[in-house]
Amino acid sequence: MATITLKVNNVVRRVEVEDNEILLDVLREKLHVKSVKAACWRGECGLCTVMLNGKPVKSCLVLAVEADGSEIVTAEGLSGRPGELAPIQKAFIEHAALQCGFCTPAFVVVAHYLLTKTRGKVEREEVKEYLSGLICRCTGYKQIIDAVMDARKHYGGEG
Amino acid sequence: MSSPYITLPEFKYLRPKTLDEALAILDRYGEDAKIMAGGVALLSFMKERLIEAKYVVDIKGVRELHYIRFSEGDGLRIGATVTFSEIEDYILQRGLVQRFRALYQGIKKLSDPVLRNRSTLAGNVVEALPIVDGPCLLSVFDSELKIVSSSGSRVVSVSEFISDEGFIDLKPNEIVVEIHIKDPPKGFVSTFRKYNPVTEFSMVSVGMSAIREGGRDLRDVRCVLCAATPKPVRLRRFEDLVSRVSDLRSSIDELLSSVESEAAGFIQDDPYASREFKLHIAKMLILDSLKELRSL
Amino acid sequence: MDKPHSGGEYRYIGKRIPPLDAYEKVLGAAEYTFDLEIPGMFHVKLVHSEYAHARIKSIDYSKAIRVPGVVSVITGRDIPYRVGIYVGDRDLLAIDKVLWIGHPVAAVVAENLRAAEKAAELIEVEYDPLEPVFSVEEALRENAPILHENLDKYRRLPAFNPKPGTNIANYFKLVKGDIDKGFAEADTIVRGRFKLPYISHAYMEPQVVIAWYRYSGDIEIWSSAQSPFAVRSLLSLSLDIPAGKIKVNVPYIGGGFGGKAGLGWEALAAMISRHVGFKPVKLMLSRAEQFKSAPVVPGMVAEAEMGLSRDGRIVAYRAKFLFDSGAFADYTVNISRTAGYACAGSYDIPNILCESYAVYTNKVPTTALRGFGHPENHFVLEHMIDMAARELDQDPVKIRSRNLLKPGVSTTGTGVRLREDAGNPQLVLERISDLLDWTTPEVDPERPWVIRSKGIALSVKGPSQPPNASSSAIVKFNEDASVDVMVGTSNFGQGTVTGLAMMVAEAFGIPLEKVHVKPLRSTDASPYTWQTVGSRGLFTDGLALLEAIEDAKRKIKKIASQALKVDEDHLEIADGKVYVVGKPWISIPLEKIVMGYQFPDGTSVGGPVIGVGRHIAGLTTYLDPETGQGNPTIFYTFGGTGVEVEINILTGEIKVLKAVQVYDIGKAINPLLLEGQAIGGFVMGMSRALYERIIFDEFGSVANPNFSFYYVARAKDAPDNYLIEFVETPQMDGPLGSRGVGENVMISVPVAIANAIYRATGVSIKELPITPERLVKAIREQRPDLFEQAFKAYIDSMV
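Chains as they are written, first to last, in our numbering: chain A, 9 to 167; chain B, 15 to 310; chain C, 68 to 866.
Calculated pairs, DMTMM-like style, for lysine to aspartate or glutamate (alpha carbon to alpha carbon, straight line, at most 20 Å): (1) K123(B) x E131(A); (2) K136(A) x D784(C); (3) K305(B) x D254(B); (4) K305(B) x D267(B); (5) K98(A) x D158(A); (6) K125(A) x E102(B); (7) K161(A) x E92(A); (8) K68(B) x D27(A); (9) K833(C) x E848(C); (10) K123(B) x D784(C); (11) K48(B) x D183(B); (12) K305(B) x D863(C); (13) K98(A) x E580(C); (14) K26(B) x E26(A); (15) K122(B) x D784(C); (16) K38(A) x D102(C); (17) K783(C) x E133(A); (18) K844(C) x D284(B); (19) K783(C) x E131(A); (20) K48(B) x E74(A); (21) K130(C) x E24(B); (22) K725(C) x E133(A); (23) K68(B) x E26(A); (24) K783(C) x E214(B); (25) K859(C) x D261(B); (26) K98(A) x E91(C); (27) K859(C) x D267(B); (28) K136(A) x D103(B); (29) K312(C) x D591(C); (30) K48(B) x E26(A); (31) K38(A) x E24(B); (32) K346(C) x E37(A); (33) K74(B) x D76(A); (34) K74(B) x E102(B).
Derived coverage of chain B by chain A (criterion: at least 3 residues anywhere in the stretch with Cβ under 8 Å from a Cβ of chain A; other residues may be distant): (35) 24-34; (36) 56-62; (37) 127-135.
Please keep in mind that the hints were generated in silico from the structure rather than gathered at the bench.
Think of the CB as a built atom: it goes at the ideal place given N, C-alpha and C, for glycine as much as any other residue.
Sequences and hints are given; from them, build the entire structure.
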């Protein structure tokens, strides 16, 4: 048992964890951050993706103890302002880039990172490749990719 | 690959700050301790109950293992905790894509971009499953692993590190601390081909390198067949033949039959593809690689 | 529905409106059962059989129960119930006998999942192995081991026909005309044998349920279930508890695709809750359990024969479908029935004999998937037509056109005159053909070993539901004249909720923001609907809602009539107001009416306005047990798929370059969300065509229970180029003339791809998935010349 400190969506949280607890479970069950989902628990579906110290990682394969002192951002904290949407989230709505919505928090996190990292200068094929670590079973991806392409202009690229 | 569990078994987490500390832990706990770098493979296997560990030794806190360096003549040196994403970015930013082309291509196709933010080349090589690409990529180049224990260090080539059956030459008290990819000679060209249309992992991969000197002729061809084989396999007869070929068209049959005779013995059926089909794909990837190297 | 009097254009209907629940979803704020917690709840982990067929000798959980945090271990003998929607063949935990590898034999209950999983590993079960059967052929053999000895004792609905003493869970026969005479008259006969693998729904939110059996005997359930009312009724039937004492709550659902229809793990969780002292428990499956223990999608083998006249008329069609149900056939009996009665697809065939079986084997149990029965029978039928076209040297589009059902004229396979307003299949076919540029030859490829080709397949689909399936809706006004819309349909992102909200906003002329649709939250607070399946949601719940709207309008007009002293039939409602017809300057805003009207002197009339509506299937019937004749469905949606693909002859890789989707849905209420269905359905169908299969090892165990080895389409595989069109032939009794489409969009995708391969190469692929190996092998067998030519071209490109 160890006490770890995480900054989650701009709020500092302290929590006791066992060595064998994964970050995903601690976020969801102990800190009640439900904007992180999961569907495979072994790094394949990508639905547990969170920003960990500025990079997207699959939190089902991260130990909670090793994240001590880290900063974590999820879909609900993406814009940096509670209740407000990041441009990619607005684009997802406009393009109806979601159906059941279970994968959506992970997709917006990864897409936001890619657009930020590339300052919106990214081609369709790169977007597809970058999102291929995540599974969406409902949409068929096209509207998701369209939303990302459309949101480029808000990150410094061309629309 | 079918455990129903989603939580990890119990273990003690250790986070050494120095390499010496890490080695001391291994000396103390032996087989009961497992090194974790990115953790992608280790934690997956532990969830699957395929690996047991009483102690998980996280070396991400060992700062001396987190580096990536390039120098002319020496090549790339990559510390054990460097992630694939970091290698990818480094190669791109330092303008080394052409020099380490096969490596760069292979990393871009390895697992997925989000996992690559955690997974490490060293971890991938130690995992050494035929279907992961790390060992294959290193085999295209002259690459060595630096391995240390409390009693000293040694350097082994990738091909020595993985046995013919796919077992790795690493004692419980040792850590792979560095991967050294030697600077390729002038005129060196390389490419990597991966075929995985039915699963997330490679069914067949081929890495190829050569020295180009004017025209389309290649010499010192190196051809590595992976994924379908228990470890990366150099097709030396093919390499030898192809380096001497003057008229490609009339030699195709001979080249392919050399591939067949050298590779066939290593390839097995599995539920995803027959041995025969894998061999066919291996030939296609080899021809494709050859075609590409000749046109670079 | 009345169009608003100003302009006569719809304000919302037909517009591209983003899903109303999108805001919550992009923030990750939408709550799923997966996210719910109840203070003090326990976690359940299942223990699974390691044998495909065996008697349980003993279960030793003495070590497990000592793990700190473990509360209890439960086995099948503690709760010997059987459940199921159509045939009650499922146990909650194995009772005495296990029927497949993955069959739950025990449940560990603990304070957290880590403790439960640790304990589950320590449970030791001793078995007496029995001989297993792994294929339908083996299972149908005489003297085959029998899985369900008590098949005759199971509860079942009258539409189904099991054969006690065998492994046949259901047998269905469709007989139309005289099949022997039909074949005798045929000039040409084509034959084929087809095979589909077991697949997984691969919805993202796993099956998860929270159950709380209370001291009072009431049961409360929270479940990721498509059909809360079916869960309630089946719990009631199976556990012998009055329906009124059961409450089922369903928040957002993370995908279902039919796999969360009927009953899931609710009964097991409820009984565990009681067993551990009336405490809430949560049972959630891991992904491996989704593949090995939860119902998946049946495999099928089929044989078919089609007889045609020289001029391309189909004169006889015979097919036999064998569905591999696995160990429980609960829902799969209806898959076999549906495949049988709908076997003739969109065509007018005079002589038909279709037989369909659901057969028990010692494999993972199976259930419904999007369009069930139809992807299977269309894979057979629509490829047979292309085979016939080639045999007769006719164009596949023309031969389809010649045989299509004619609304108002033709008789369907089940012997019903196709209603005049059923849609326009000819126009659908024409539009697919035009959009695909069917008659223009493919562009010459730069690489001669890669060829391009086009394929077409049609589909028709209606809900496969009991003849008395019903729905209801409530429209309840609030004081600001906003509306709470209560419907029983569940929300897994299909767009129904948004469509229903648009209908209400349109009807009262109020802003969409003032319509609050509450898709089912709980069975005690929401109006009833049978299930959210079969593409029926917007149709049946929409009709109930329109009736509720009319009811509310009547009540509003009645109040307004008193307020304005004008006859009710001189009033109309638009733009959020009640107007006097012909005198639009006389009106009252809805806000002043919907809670009752108050005159200036303080007196008042009316009261809060609540509209109520309902729908029942009505004229659908049971099908005749001997011939399958009857009226099975409330609508038929005609549609189809066209594809242009690129095929690498040498590596077997297939890439979809263009996808055409055309459906006659009567009225496109929200084209944006409809396109979402058409695209999502296409990719699901493509994934099924090219990648998906559950692989069983020699012991009957699933070899690939994960997304690494069970590959589903990812973003990099997704086509970009879609041409989607909705034909609008109104159905007179559909909501605003519309029909359902959520399933149809994937039905013809796999066969359209197979047909494209066939068109360019003449290589017929009758087995899914069309893996590269299967394709290359088929090409080398059926067209060695093509392969040699491609290889030679490739070598030429090298030098």
